[in-house]
Amino acid sequence: MAISRDGAVENARKDLANRLNIDPGDVKERSVEDSDFPDLSLGAAEDGEMSGQMITPGWRIRLEAQGKTFEYRADKNQVRLYKFKGKNYRI
Amino acid sequence: MNRNNIFIHLALALVLILVAAFAGQLNRMRKQWKPVQIVPTEDKKRPRTAEEMALSEARPSGRPEVLVKFKTGVSRSAIEALTLRLNDRIEDRIEHSAGWESVDDLDNADAEAIVAEYSKLPEVEYVEPNFEIELSEVEEGNPLLPVLPHDPQFNEQWALANSGQRGGTQGADISATLAWATTTGDDDIVVAVLDSGVDYTHEDLITNMWMRPANMAPYQDAELGPVDDVHGFNAIDNDSDPMDENGHGTHCAGIIGAEGENNLGIAGVNWKVKIMPLKFMGAGGFGTTKDAIEAINYVIDRKKAGVNVRVISASWGGTMRSRALEDVIRKAYENDILFVAAAGNASVNNDRRPHYPSSYNVPNVISVAALDRNDQLAKFSNYGAKSVAIAAPGVDILSTWLGNAYEEKSGTSMATPVVSGVAALILAENPRMPVDELRSRILGAVDPLAVLKGKTVTGGRINAAKALAD
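Those protein sequences? They're chains A and B, same order as listed.
If you read the first sequence in the working numbering, its first letter stands for residue 1, the second for the next number, and so on.
If you read the second sequence in the working numbering, its first letter stands for residue 1, the second for the next number, and so on.
Derived by calculation from the structure, the hints in this document are not laboratory data.
Ideal Cβ positions, reconstructed from N, Cα and C, are used throughout, including at glycine.
Take these hints with a grain of salt, some might be off.
[Said to hold, decoys possible] With the Cβ distance kept under 8 angstroms, some of the chain A side facing chain B (calculated, not the full set):
hint, residue
1, 45
2, 65
3, 69
[As the list claims (entries may be wrong)] Label pairs and their computed distance ranges (CB to CB):
hint, chain 1, residue 1, chain 2, residue 2, range
4, B, 153, A, 46, 31 to 41 angstroms
5, A, 30, B, 220, 28 to 38 angstroms
6, B, 223, A, 19, 49 to 59 angstroms
7, B, 220, A, 19, 20 to 30 angstroms
8, A, 19, B, 437, 46 to 56 angstroms
9, A, 90, B, 218, 44 to 54 angstroms
10, A, 46, B, 374, 29 to 39 angstroms
11, B, 152, A, 91, 40 to 50 angstroms
12, A, 47, B, 351, 15 to 25 angstroms
13, B, 188, A, 19, 48 to 58 angstroms
14, A, 30, B, 403, 34 to 44 angstroms
15, A, 30, B, 374, 29 to 39 angstroms
16, B, 214, A, 24, 54 to 64 angstroms
17, A, 21, B, 403, 41 to 51 angstroms
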């Protein structure tokens with residue numbers, strides 16, 4: 001089923017809270033922007049992952065927690081965490 | 001002079017003036033009266049072959065000619081009246097493209113001026129010079145004529161025929177319509193689309209989908225045993241169903257080989273070809289190196305089993321180098337299979353930051369950058385004077401999509417199947433051409449672009465007509 005913009009933000013918030021072991025209410029939404037990503041892994045491929053090289057519309061989600069900003073990237077098919085501790089994750 | 005003489009002289013002068021005026025009007029009318037000549041067309045159901053075109057064409061030398069596409073609903077009489085008013089002559093109707101007229105200018109204005117004149121008319125959809133191209137046929141006096149399909153959305157396929165539509169640059173295309181005067185493809189040529197699978201039920205693809213011949217044994221996977229690969233191969237689920245769940249692979253397949261001249265949707269670079277669908281990327285459009293390798297091994301196996309698969313189109317990639325992937329691509333080379341790969345969409349120089357598989361230094365790999373409709377390197381496209389071979393149209397490309405739909409997409413993903421498609425056209429004319437020669441032929445058939453100097457190996461945009469000219 002296709003992921004909506006709000007659904008993507010909610011998934012991202014829960015994922016970050018889980019990773020940081022904090023309450024989801026402590027994760028603040030800084031911004032959500034429409035964005036064109038360079039490929040079907042939303043410019044956030046995991047190691048060894050191959051993706052279609054097609055410009056892909058989606059959303060760039062910036063969340064704040066523990067005084068830091070975290071970037072998630074999402075489209076109708078997926079949500080990804082961009083460079084969390086130097087690595088990309090597909091959630 | 002008495003009073004009567006004055007009247008006589010005045011009357012004579014009036015008569016002379018009237019005679020002069022009448023003669024002038026007659027002269028103007030004579031100049032304007034140019035009979036509209038319409039060469040009757042035969043009711044042909046198929047496009048003309050190059051040979052037929054060479055025989056039929058007798059364009060007067062030195063007289064400019066343009067191809068005009070009138071809007072739907074503009075009547076025959078209105079077209080005739082319009083060309084008459086502009087002192088032009090309808091030289092010919094273009095048989096296999098409704099609404100197209102070949103217009104001959106009787107004032108000998110240059111082609112660009114005629115194009116500009118017609119472009120302003122509300123009745124005209126678009127207009128282009130009837131280009132002569134530097135092919136051997138032209139030198140021998142047998143110019144190729146563009147071949148235009150009836151597919152209703154062909155006018156939106158700027159990559160194949162750029163008439164300047166939607167702010168583009170006329171001629172910034174791969175000269176497909178001239179290539180089609182030589183061949184529109186051959187369904188003996190199989191192109192493997194290694195991707196998210198293909199919607200093999202799409203109405204504009206179904207005729208051109210590969211199916212395992214009934215007399216060929218099913219694929220034997222080393223671990224899984226027999227796989228009934230009637231439609232191709234799915235390396236994710238290790239089964240026989242390569243149905244696309246994303247749309248990306250279906251889009252790429254349509255660029256290579258949406259059926260042409262079928263009055264549906266679009267035309268592929270090949271009107272006739274066989275697309276072998278391979279699925280290693282899922283609904284999200286991403287996959288693993290391991291599954292890509294499995295799918296390439298499948299292609300090699302089928303080649304050895306007798307399938308004439310000569311091209312793998314790979315509109316995907318990543319930044320991690322894999323020796324195993326490189327090795328299997330080399331194995332494809334050893335089996336005479338070309339591997340066309342997307343240069344990537346990160347706007348970076350691949351000479352410094354390689355993108356794989358396009359950056360593998362294997363002799364069958366062609367790395368492809370993307371151009372927009374104005375012959376500019378797409379802002380997202382990777383490049384590389386040493387590592388990116390060639391450029392092809394890759395912005396706002398209309399092609400097939402899931403559910404019998406059509407969508408415009410952008411990316412080096414879209415440029416890659418353009419090159420794969422041209423490779424298939426070359427093979428249609430030269431079925432036994434070895435992969436090294438095929439690659440050289442493609443890289444030697446470019447239109448040089450200043451914007452690509454120092455950005456790609458060839459510095460040019462692929463030209464399908466040139467690729468078929470040798």
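### Those earlier numbered hints the structure runs against, lowest number first
2, 3, 5, 6, 7 and 9
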